Amino acid sequence: MEKTFIASSKVIQPLLHSGLALIIGLIAGAFLMIIYGYNPILAYTALFRGAFGGMAEFAETLSFAIPLMLTGITFAIGVKAGLFNIGAEGQVYIGALGAVLAGAFLHLPFGVHVAVTTIFAMILGALWSIGPALLKIWRGVHEVISTIMFNWIAFYLTMYFALYHLAEPGRAEKTVSVLETARYSVLMPGASLTSVIFISTAFCIVIYLFLTITKAGYELKLLGANPDAAKYAGVNAKRVILSSFIIGGLAAGLAGATQIIGRPPTWALYGTLGNVMGLGFDGIGVALIGRNNPIGVIIAAIFLGALKNGGRYMEYSAGVYSELVGAINGLIIIALAVPEVMALIRRHLKRYKP
Amino acid sequence: MKVKVSTKILLAFIVLGVVLVITEVLGLSPIALLEAALLAMTPLALAAMGESINQKAGLVNIGLEGIFLITAVAGVYGAVEANNGMVGLLFGVIIGALIGLLFGVLSVYGRADQIIVGIGINVFAIGFVPYFMMSTWGFPGIYIPPKEVLVPPLPIPVMRISGITLLAITLGILLHLMLHKTPLGLRILAAGETPEALDVAGIRVDYVRIFTAILSGALTGLGGAFMPLCWFGGIVKEISAGRGFIALACLVSAGLEPLLAMSFAFIFGFAEGLAYTVAVTPGIKEAIPYHLVLMIPYITTLAVVTAFIGKRRFPKAIGTPYTRE
Chain W
1 MEKTFIASSK VIQPLLHSGL ALIIGLIAGA FLMIIYGYNP ILAYTALFRG AFGGMAEFAE
61 TLSFAIPLML TGITFAIGVK AGLFNIGAEG QVYIGALGAV LAGAFLHLPF GVHVAVTTIF
121 AMILGALWSI GPALLKIWRG VHEVISTIMF NWIAFYLTMY FALYHLAEPG RAEKTVSVLE
181 TARYSVLMPG ASLTSVIFIS TAFCIVIYLF LTITKAGYEL KLLGANPDAA KYAGVNAKRV
241 ILSSFIIGGL AAGLAGATQI IGRPPTWALY GTLGNVMGLG FDGIGVALIG RNNPIGVIIA
301 AIFLGALKNG GRYMEYSAGV YSELVGAING LIIIALAVPE VMALIRRHLK RYKP
Chain A
1 MKVKVSTKIL LAFIVLGVVL VITEVLGLSP IALLEAALLA MTPLALAAMG ESINQKAGLV
61 NIGLEGIFLI TAVAGVYGAV EANNGMVGLL FGVIIGALIG LLFGVLSVYG RADQIIVGIG
121 INVFAIGFVP YFMMSTWGFP GIYIPPKEVL VPPLPIPVMR ISGITLLAIT LGILLHLMLH
181 KTPLGLRILA AGETPEALDV AGIRVDYVRI FTAILSGALT GLGGAFMPLC WFGGIVKEIS
241 AGRGFIALAC LVSAGLEPLL AMSFAFIFGF AEGLAYTVAV TPGIKEAIPY HLVLMIPYIT
301 TLAVVTAFIG KRRFPKAIGT PYTRE
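Keeping their order, the protein sequence lines are chains W and A.
All residue numbers for the first sequence refer to the working numbering, where the first residue is 1 and numbers rise by one.
All residue numbers for the second sequence refer to the working numbering, where the first residue is 1 and numbers rise by one.
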């Protein structure tokens, strides 16, 4: 009995822990509703209907999941290399800015324009991630501090460009829209799901393959799991740290692009950055729920996408302000950080399995 | 090593002097600038000093940003409910202490990954604060409490200075003495360096760490409630604007020394005060775009951390749970 438990533990235990953390988060969320006199059953029913009630609803949920899986990758690839890269937020802004620049001002044929815009946004996201990477490598500045500073600089820089240089004439609240040639095609009328979902899932799968079958991916994981062993194995830590940041930046830049060229109806960036804000921080929860595994990240992104999409219906029909979903995400992260939660389950399992 | 640090500090003050001369030339009021710097310094200093002691004891709470956010709304809520600003500040301290306690319990007894718990606190706060504001006041983004519940500055001539600022400076000295001159301070240092030895000496490592976690939360909570009640006079949902992380930059640059962390808080506060003053000064505000001016504090933080972090030494047992054998 004990042996099978250990053998299956590599897959089942993380799943159990994630599942339990989700339940803890949702229950705590219910308490936060009860405090303010809302009905949590009504609210969660509305949330579930809004997220999975029909094909259009599910398509919308997938649409919400697209940027989340990418920012999830940013954090996950950092953790795999032993880093806490919380810079996705700023890299998303810069990626979105790049998508507006390339999408609205370049004139390229259909097909080529989409590709160029996507790649341009990814490269800008990666460039923005190099700053914290170099500070870490050269001076040992902790990435938690440097990435947050870069996030805020990106925030004001992007806002500055959006408001003063790229604003649509006569409509100060948003930038000019990207050209038709730079847009991903809408897959389903009535939902904002576009073909960019294929690009984003493909990106996650490429990262999965990178981590599992390439030597560089192995070195990255080794550095994260055991820095001393990596050193003896001759892993160049500086190069691995840099590549982890750059991959994260590419992912976050792509996430920013998906909100501009891969999501109707605005095809533009709001002056408040409202349509890209918070995506980077949401990705942290996604990565942790998905156990920092790219495939797990895709599934976790759909889960959080469902919460975010369904949250709007919850607000509409149960009156619960949808920002609560963000708070629930935070509680899930806290629950996932505590290994003792799992130890508790193990003790219980042992009690029932003599 | 020590000499080098002090020369760097000296350099920093020379830079400050140069900046002051420039402001003089530009026609900025130095008094207004100093007032702004002291206001901006206060929450940074409180959080940085509390958390530096927490880290000396071996715990790393990067959730300061989230505690700032939550205690800022909690402070306004308490002040409005009690119709008294001081009660609001106290409310911030209590809520901050409770979050610190939760962090301490999860880290010490739950053996949690402290960085992840801190990130969780921050993510929770980003969602919870607008939810709370919407449910309590009907507006998700901004709330201006009645003027009577704000805490006024001290009734002294020449310049406006908050009593909390003076309290923060006093606390800095007291915390320094506590850490380096008392048995309690010795225990805190031991909890971070050699928890086994402390345990062998019959002192409970868990109690010491829970104490510092609460202290860090309470001071950060005072800083959080300070922002709306003594400084801005209102609250927006992203009121802390990265200050929790700037506070982390202060204590990291200061090698976890509370007094030095306070000096760094002054430098960052000065950068912020300069940004705000420049942003509203006629003649300059037209020339330099507002959004670019607001980047100054963050760029300063990056530059200062990069310059000072060099050979800082951190406690051996930092960030690792301690288990009794």
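Just so you know, not all the hints are guaranteed correct.
[Claimed, not checked] With a Cα cut of at most 27 angstroms, we get these calculated BS3-like pairs of lysine-lysine:
| # | chain 1 | residue 1 | chain 2 | residue 2 |
| --- | --- | --- | --- | --- |
| 1 | W | K136 | W | K238 |
| 2 | W | K231 | W | K221 |
| 3 | W | K215 | W | K231 |
| 4 | W | K136 | A | K316 |
| 5 | W | K238 | W | K215 |
| 6 | W | K215 | W | K136 |
| 7 | W | K221 | W | K238 |
| 8 | W | K221 | W | K136 |
| 9 | W | K221 | A | K181 |
| 10 | A | K316 | W | K231 |
| 11 | A | K285 | A | K181 |
| 12 | A | K316 | W | K238 |
Keep in mind the hints are simulated off the structure, nothing from the lab.
Note that the coordinates shown come from a computational prediction; the quantities given were computed from them, not determined experimentally.
Here is how each hint holds up against the structure:
{"no.": "1", "hint": "W:K136 x W:K238", "verdict": "9 angstroms, holds"}
{"no.": "2", "hint": "W:K231 x W:K221", "verdict": "13 angstroms, holds"}
{"no.": "3", "hint": "W:K215 x W:K231", "verdict": "15 angstroms, holds"}
{"no.": "4", "hint": "W:K136 x A:K316", "verdict": "20 angstroms, holds"}
{"no.": "5", "hint": "W:K238 x W:K215", "verdict": "16 angstroms, holds"}
{"no.": "6", "hint": "W:K215 x W:K136", "verdict": "23 angstroms, holds"}
{"no.": "7", "hint": "W:K221 x W:K238", "verdict": "14 angstroms, holds"}
{"no.": "8", "hint": "W:K221 x W:K136", "verdict": "18 angstroms, holds"}
{"no.": "9", "hint": "W:K221 x A:K181", "verdict": "44 angstroms, violated"}
{"no.": "10", "hint": "A:K316 x W:K231", "verdict": "20 angstroms, holds"}
{"no.": "11", "hint": "A:K285 x A:K181", "verdict": "48 angstroms, violated"}
{"no.": "12", "hint": "A:K316 x W:K238", "verdict": "23 angstroms, holds"}
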